[in-house]
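Protein chains: 2
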Amino acid sequence: MTYTITPIGTARSPYKQKFGIARQPGLVSAAKACIELNPKFTADSVRGLEDFDYVWISFIFHGVLDEGWAQMVRPPRLGGKQKMGVFATRSPHRPNHLGLSLLKLERIETGKPVRLYCSGADLLDGTPIVDIKPYIPFVESKPDAASGFVSGKPVELEVVWQENIGAENLSANTKNLISQSIAQDPRPAYQNIPERIYVMNIADYEVRFQIEENRATVIDLSPTPL
Amino acid sequence: MTYTITPIGTARSPYKQKFGIARQPGLVSAAKACIELNPKFTADSVRGLEDFDYVWISFIFHGVLDEGWAQMVRPPRLGGKQKMGVFATRSPHRPNHLGLSLLKLERIETGKPVRLYCSGADLLDGTPIVDIKPYIPFVESKPDAASGFVSGKPVELEVVWQENIGAENLSANTKNLISQSIAQDPRPAYQNIPERIYVMNIADYEVRFQIEENRATVIDLSPTPL
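For the protein sequence lines, the chains are U and X, in the order given. All residue numbers for the first sequence refer to numbering that gives the first Met the number 0, where the first residue is 0 and numbers rise by one. All residue numbers for the second sequence refer to numbering that gives the first Met the number 0, where the first residue is 0 and numbers rise by one.
Just so you know, the hints here were simulated from the structure itself, not pulled from any lab data. Mixed in with the good hints there might be a few duds.
Since copy identity is lost for identical chains, a pair holds within one copy or between any two.
Said to hold, decoys possible - Derived DSSO-like pairs: lysine-lysine, alpha-carbon spacing no greater than 27 angstroms straight-line:
no. : residue 1 : residue 2
1   : Lys31     : Lys80
2   : Lys152    : Lys82
3   : Lys141    : Lys152
4   : Lys80     : Lys39
5   : Lys103    : Lys141
6   : Lys141    : Lys39
7   : Lys82     : Lys103
8   : Lys31     : Lys141
9   : Lys82     : Lys174
10  : Lys103    : Lys152
11  : Lys82     : Lys39
12  : Lys82     : Lys111
13  : Lys111    : Lys174
14  : Lys174    : Lys103
15  : Lys111    : Lys141
16  : Lys152    : Lys80
17  : Lys39     : Lys111
Same shape as in the complex, but just chain U (with noise of 0.2 angstroms):
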């Protein structure tokens, strides 16, 4: 037996491709992203979900799809040297290729489409949106859970701006999210080569950068060619 699972709507985001997105949600503030729902979802489906503070985001991991799953991952937070079990982890290499974000809700525009105005947004741009859920405290509240490998927030890097890459051009909330991005530290796990530039494409920026120790350095910022 198995099951269709047809889109109800689309993310649109600042992050253009894989490399780069923010691990959880959450982590960026900056990161905002806005969920298109499908014409045929009106704006009676949302009603009263504005008095929520957060939602519950299902999608489909669309841009991992041609790379299957596997029983086992090595998270980034054990600095890829040690696996786990798929399901003991959020990565989206998993049957079904399901994934669940608790995105801050900022607001709704009830126009056709119908949107939502997200913040803290994990989510690849295009992204099939499958389900929103109103976020319940006292039900999904667990301040106190033990959580395995996973101990609070990863440590970020300092981020500093090499001067005169046109930096002053970009508005405060794209910089910061830039900011904010790689401070997560985007590497590849166990890749800790300082001479190597590393390129992110996000909002409409082409970035570069290096990362020494726990510094990232800004080193070069274009438009994204069309």
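Here the structure of chain U is known, so what remains is to put chain X in place on it, guided by the hints.
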């Protein structure tokens, strides 16, 4: 574009019918469910999961698939009088019929099949499970989040057992399960008919009870006919 979802396992639950299932996970701690993974998921797939207190269970509301979905629903929390957008509720009558429950993970049995023993279940027996994820408190615990029309636990009914109906033959856990389930007030919204006898099939029993004011009385108990 649609996606095909293949269950990864099945829930074995004391709730044999929709009527009487706790309306949220965690409300009925005595409700123990066992999630049995399909044979292709080995002990590897859950390695490390035992160190988490809670698990997210994504599932299909298979009991209402044929009832379809609606843009607006009447949440029991509003007495069934007011309509809310389906995405502002946790109603099973939603597009894609995807459910999400936070269950307490009691223990894992890594035999063939792999079994996850959970408590606080709100799952119908036979529910197809489509994903399991660990609960990460630093991302997912938002104790102060506003939650619209849902404010704290619902008030529980007092549950009284009539004498001489054989309740002494029940195990402590089964008696607890029945009491806690009835205390949640499983009546459909609008109904307030003291003489009405409600019948609940739970664990291996058929339980009859009445509700007057804030008190429920269990009036009959018999093993479920095979």
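Going down the list of hints, with the structure as the test:
no.	hint	verdict
1	Lys31 / Lys80	neither (32 angstroms within a copy, 35 angstroms between copies)
2	Lys152 / Lys82	within (20 angstroms within a copy, 39 angstroms between copies)
3	Lys141 / Lys152	both (16 angstroms within a copy, 14 angstroms between copies)
4	Lys80 / Lys39	between (46 angstroms within a copy, 25 angstroms between copies)
5	Lys103 / Lys141	both (18 angstroms within a copy, 10 angstroms between copies)
6	Lys141 / Lys39	neither (35 angstroms within a copy, 31 angstroms between copies)
7	Lys82 / Lys103	between (31 angstroms within a copy, 24 angstroms between copies)
8	Lys31 / Lys141	both (26 angstroms within a copy, 19 angstroms between copies)
9	Lys82 / Lys174	neither (35 angstroms within a copy, 42 angstroms between copies)
10	Lys103 / Lys152	both (17 angstroms within a copy, 23 angstroms between copies)
11	Lys82 / Lys39	between (43 angstroms within a copy, 18 angstroms between copies)
12	Lys82 / Lys111	between (45 angstroms within a copy, 21 angstroms between copies)
13	Lys111 / Lys174	neither (31 angstroms within a copy, 52 angstroms between copies)
14	Lys174 / Lys103	within (20 angstroms within a copy, 41 angstroms between copies)
15	Lys111 / Lys141	neither (37 angstroms within a copy, 31 angstroms between copies)
16	Lys152 / Lys80	within (19 angstroms within a copy, 42 angstroms between copies)
17	Lys39 / Lys111	within (10 angstroms within a copy, 44 angstroms between copies)
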